[in-house]
Amino acid sequence: EPEVTQTPSHQVTQMGQEVILRCVPISNHLYFYWYRQILGQKVEFLVSFYNNEISEKSEIFDDQFSVERPDGSNFTLKIRSTKLEDSAMYFCASSRPGYLAKNIQYFGAGTRLSVL
Amino acid sequence: EDQVTQSPEALRLQEGESSSLNCSYTVSGLRGLFWYRQDPGKGPEFLFTLYSAGEEKEKERLKATLTKKESFLHITAPKPEDSATYLCAVQAEWGAQKLVFGQGTRLTINP
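Line order of the protein sequences matches chains A and B.
Numbered according to our numbering, the first sequence spans residues 1 to 116.
Numbered according to our numbering, the second sequence spans residues 117 to 227.
Take these hints with a grain of salt, some might be off.
[To be verified] Restricting the straight-line Cα-Cα distance to at most 25 Å, the calculated cross-link-like pairs of lysine-lysine (DSS-like) are:
id	chain 1	residue 1	chain 2	residue 2
1	A	Lys83	B	Lys185
2	B	Lys184	A	Lys83
3	B	Lys158	A	Lys78
4	A	Lys42	B	Lys185
[Claimed, not checked] For the chain B half of the interface with chain A, some residues (derived, Cβ under 7 Å), not all of them:
id	residue
5	Gly159
6	Gln219
7	Arg222
[To be verified] The following residues of chain A were derived to be distant from chain B, with all beta-carbon distances above 10 Å:
id	residue
8	Val4
9	Glu44
10	Glu68
11	Gly98
Hints in this document: simulated from the structure, not taken from any laboratory.
Note that this is a predicted model, so its numbers are computed, not measured.
Built from N, CA and C at the ideal position, the CB exists for glycine as well.
Next up, chain B with everything else stripped away, as it sits in the complex (with noise of 0.2 Å):
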């Protein structure tokens, strides 16, 4: 069975304190791996997706990585906007198009 798992659950970082958001996963063979953003009471916001292990892709603050057992979301200098859950899925090979969500980091940026 596909899992994915997201740690920590929760982190609370000073504006400009940099960190790593990790994503385990279980998948019978990798389509892709996929980061998005979500804000309170709305939907997930595609931030990345990753093919293979070494991929790299980077957008302002957050760059994200790909390992064949996890990935993780590195936030560089973070702001106030950047709080948000940052949510990770898979999608097997072999499967059909289904994403496999891990249960999310929350992520409170303080001024």
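Excised from the complex, chain A in its bound form (with noise of 0.2 Å):
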């Protein structure tokens, strides 16, 4: 069965610096986002991405964040300079665009960000 696959599961960081995180999303998807968690709290949206752009995202997804489509198969979301709160597990998901896709968003299994 296709599944979001994500790299890598644990990323340890010095605050200050730039992190990438790695998404293959399943192959026929054509949409993309970037959600994350921080430990005991909600799920969070940060990024929806279509056809090459940023289609929504959300307060969080400053000037710190960027994602990127680098090739035909991976999706990458770039911290420039990390800070300590910024340590949550970082969700990437895709879904398929069309009526019976029913809009459902499939989620990778995460990678863990520390920042120390």
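Mind assembling these two chains? They're in different frames, but the hints should get you there.
Written out as structure tokens, the structure is:
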């Protein structure tokens, strides 16, 4: 069964460093998303991406964040200068267009980001 | 602002003891309500999607129902492997694709 894959599973970084989180969405999906979950809190939407551009972003997704689809398979989230409060589980999700797809988003297993 | 509230926060049941989880929502116009299961350290796993009041979906021991204000996830004769956090999320009709999640119900089934 197709699945969303994320790498690495755990990333440790120093405050102020740049990190790139990587995702391979399901192959016939065209909508891509990043969510995050701070330990013990709700899953929060960060950004959605369609047709090579951001379609929606939350207040959390400020200038420190960027997303890119560098090739036909990968989808990345970059945090330019990490802060302690960026420590969280980051989930990538994807969905395919069309009425029959029913807007269902499929999630990866996540990348745990620890900022020291 | 779209909001989702789940109750209870945690629920402990004996194997075979049926119960229901609640998801109350406030949204400008509901495009869809989604139930996910999340195991510790894993991503949300899709269970059901509901689109209109009165709709019901079933999968094994789980049944999801929807009204105009809330959704219930009924679990019948649960087994220990049903232990997980169950997440409810809504997608607004006039918004984009984002899901707004509740905080989840942590379900523990004791053998």
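If you check each hint against the structure, which ones fail? 1, 2, 7, 8, 9
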